[in-house]
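Chemist: Since chain A is already given, all that's left is putting chain B on it; use the hints.
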Amino acid sequence: MKRVLFYTNQFFGQIGGEEAAYTKPEVHEGPKGNANAIAPQLADAEIVATVICGDNYYAENMEDCRAYIRTQMEAFRPDLFLAGPAFNAGRFGIACADACAFVEEEFGIPTVTAMYEENPALEMYRKRIYILEAGKSAASMTKDAKRMAGFANKLLAGEAIGLPKEEGYFAKGRRVNVFSDKNGAVRAVDMLMAKIHGEPFETELAISTYEKVQPAKAVVDLSKAKVALLTSGGIVPRGNPDHIPAATAKVWGRYDLSGMDRLEPGAWESVHAGYDPVYANDDPNRVAPYNTMKQLAEEGVIGEIYPFLCSTTGNSTSVADAMRMGEEMVEQLKADGVEAVILTST
Amino acid sequence: MSLELRKVHIRDVVLGGENRLTDGVLFIDTKELESLILEDHRIRSVSFDLARPGESVRILPVKDVIEPRAKLEGGSSFPGVLDESMTAGGRGITVALKGCVVTTTGPIVGFQEGLIDMSGPGADYTIFSQYINIVMIIDKHDDINPHEHEEVVRIAGVKAAAHIGEIGLTCEEYEKTVYDWPVIGERYAQYPDLPKVAYVCNCMSQGLLHDTYFYGRDTKKMVPTMVSPLEFMDGALVSGNCVSPGSKTTTFHHLNNAVIDELFERHGKELNFVGLVLNPMMVTLKEKYRGAMLVADLVESLGVEAALITQEGFGNPTTDLMMACKNLEDMGIKTVIVTNEDAGTDGLSESLPDMVVEADAIVTTGNSNATLLLPKVDRVIGKLEDIERVTGGNVDSIKPDGTLLVEIHGIMGSHNLQGNTLLTAITV
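Chain order of the listed sequences is A and B. Everything in the first sequence is counted per my numbering, starting at 1 for the first residue and increasing by one. Everything in the second sequence is counted per my numbering, starting at 347 for the first residue and increasing by one.
Looking at chain A on its own, in the form it has when it is part of the complex (with noise of 0.2 Å):
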């Protein structure tokens, strides 16, 4: 028989209402309060333990709250964590979320909680665990229940999970590919002939919006910055030392040049497959434009050149993977006393 632990808040714990939100987190052997609903639809697993914690106390205390959770958990080696439903409650969805969260990322157990679909908490966790659907008030606690415990039971009899609107858990926000039963061109004129009449119809592809990035303050004196040279262009040593990849990089190289006046054709290549590399291989410096900037630090408009190429292809990457190796690049660059970056694409 498989090990449930379940988690629920003050009220549905039975300890009491607001008056209780500030109730430390504890823990009741077997089903207690709301658990009860639940604990006799699964199938092959029985609720060991219940956490039940105050509202209030787990959003002031999440640190320690965790790391009670942690220690039932080491205590009780559970199969699945169940929280919940926390059906319209703010502060109530962020406990049942934050706990799924920390147990299904330290303890790699599946976790399984229900909302609201205007749950705040929602918004803040979908992207990393399951949340179900669930109604606005405890009115819904029977259909809720059920919903949980048939996720559950699946979820322990290690079956494939389906399609969101299958399972009716909120969509994680993870792209899978899937075969359709027709190609691109008949879905799209299907669409067109939709919008054209005014019927409803549902793109495959949401609109992303973008992280708008700030430009940082130009730098007061360029004749006393250090500035690096960077670029996505692929350019780098003849053989690709660090096998950069020609497309969908998920790594960038740093390349000493300190001793060079240009980047020499034959001792530097382009690897990027999203343009012809003729130009570049007969001449790097078109794509890392290093020799420029050697002589502007020469005629003392640059102080000085940061004496290393940081290099990748920015080609097919995606969005999440290129904010990545930014961020690692802008690591090493402030370590490194850099002031300013000079960055070619192609």
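It should be emphasised that the hints constitute simulated quantities derived from the structure, not laboratory data. No experiment lies behind these values; they were computed from the predicted model shown. Glycine is no exception: its CB is placed at the ideal position from the N, C-alpha and C atoms. Keep in mind that the hints are not guaranteed to be accurate.
What the hints assert, rightly or not - Here are the simulated DSSO-like cross-link-like pairs (lysine-lysine), alpha carbons at most 27 Å apart as the crow flies: (1) B:K353 - A:K182; (2) A:K182 - A:K136; (3) A:K212 - B:K353; (4) A:K127 - A:K172; (5) A:K195 - B:K672.
Claimed, not checked - A partial selection of chain A residues facing chain B, derived with a Cβ cut-off under 8 Å: (6) I109; (7) P110; (8) A160; (9) P164; (10) G168; (11) V176; (12) S180; (13) R187; (14) A320.
Modeler: Below, chain B alone, put in the same frame as chain A:
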């Protein structure tokens, strides 16, 4: 303008012997074909191989895939490529050999050449696994530079496809379809009760392995142009072995443009297909603005209510796609776009590097970054190690047990942006 397309079904191919087509079996005199290909003195050697659906065969690095074609009446099968005199495509009678393709391979040109698996999980991701691949392995002389190398393999592929197509020219068993493309006034006037629709076909025009050829001319030297869909299906467009394998619009894709097929399918029933604009996507921002402006200008002149835009490539071309979409929507033309996604190997990243709010109707052909483990195969045509250098592969792609871990990017046409794939992506 009217084109009769005769589809001759090929059920098997035999290399060697005299050229002939008997009971659906295509015999190819490879000696003769070899001499033809070697007329280009830049080619050192050429050899031929076959890969059939279901076989444990992997072909790489594949440059282009071309359907064998021949003209019974009305000019050349790839006009402007093999002939000096220009005869417009889309007229007369064309014979297409269905069920087989010419697949070009040989030493790698750049980073944009892909793989075709004839069986196993990889086969599901490429339409070419369903065809008998007549593989042509082309090796060039040492002093041929990359640009010439690309041209050599491109022209050789087209030559072979035209030559093999000729074998079926007089075959009496075929399936006939007649496509009509009346003059603009007639097109506009027909089916007054049906919504008028235009198609905008974006094509890459950005240099080595990022080029498209229109009647043999490099599309970098063009601005957006109104083209008849019958010219598309009759060899006016040839791929410059263009773009990463997964998003490649091969010459086969141009000849069998999935959107044109579908628009003709519904033409006169649900919609009135009145025009097509070919939009070359260039490198600089100014060129992109110019292209998007001219696309909107041409589509507006057609007086359509709606338009469909397909894509080629990703990254900076996404900006061309979005600009064109915005311009059309701003004119009140309801627009649907087709694109792939680069959502990261985990699928958690933003899918596209650029987007406009007007792009509210998108068809996706899948996340190109998703990885796939391909089993070891019995036979490789080409060079397996090249996977390490192409889009979708890397130095860790070949596993010690012989399996191959690739992003689906590396598979020919896996997420073809003309929608000629069943692949799509959903959010979970």
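Chemist: Between K353 of chain B and K182 of chain A, is the straight-line Cα distance small enough, at 27 Å or below?
Modeler: Given that 27 Å is the threshold and the Cα spacing comes to 23 Å, the pair holds.
Chemist: So, as I understand it, the hint says G168 of chain A touches chain B; can you test that by seeing if any CB pair is closer than 8 Å?
Modeler: The hint is violated - G168 of chain A has no Cβ within 8 Å of chain B, the shortest such distance being about 13 Å.
Chemist: Are the Cα atoms of K195 of chain A and K672 of chain B separated by 27 Å or less?
Modeler: 15 Å, holds
Chemist: Does R187 of chain A meet its interface restraint, that is, does its C-beta lie within less than 8 Å of any C-beta in chain B?
Modeler: 5 Å, holds
Chemist: Tell me if the interface restraint on V176 of chain A is satisfied: Cβ within less than 8 Å of some Cβ in chain B.
Modeler: 6 Å, holds
Chemist: With chain B as the partner, please determine if A160 of chain A meets the hint condition of a C-beta pair closer than 8 Å.
Modeler: 11 Å, violated
Chemist: Is the interface hint for S180 of chain A satisfied, with its Cβ closer than 8 Å to some Cβ of chain B?
Modeler: Because about 5 Å separates S180 of chain A from the closest Cβ in chain B, which is inside the 8 Å limit, the hint holds.
Chemist: Does the alpha-carbon distance linking K127 of chain A and K172 of chain A stay inside the 27 Å limit?
Modeler: Holds: K127 of chain A and K172 of chain A sit about 4 Å apart, inside 27 Å.
Chemist: Does the closest beta carbon of chain B sit nearer than 8 Å to the beta carbon of P164 of chain A?
Modeler: With a minimum Cβ separation of about 6 Å from chain B (threshold 8 Å), the hint on P164 of chain A holds.
Chemist: Should the interface hint for A320 of chain A be scored as holding, given a Cβ-Cβ cut-off of 8 Å against chain B?
Modeler: With Cβ-Cβ at 4 Å, under 8 Å, it holds.
Chemist: Can you verify the interface hint for P110 of chain A: is its Cβ closer than 8 Å to any Cβ in chain B?
Modeler: With a closest approach of 15 Å, the P110 of chain A hint is violated.
Chemist: Need the status of pair K182 of chain A, K136 of chain A: alpha-carbon distance at most 27 Å?
Modeler: 38 Å, violated
Consistency with the previously given hints fails for numbers 2, 3, 6, 7, 8 and 10, ordered from lowest to highest.
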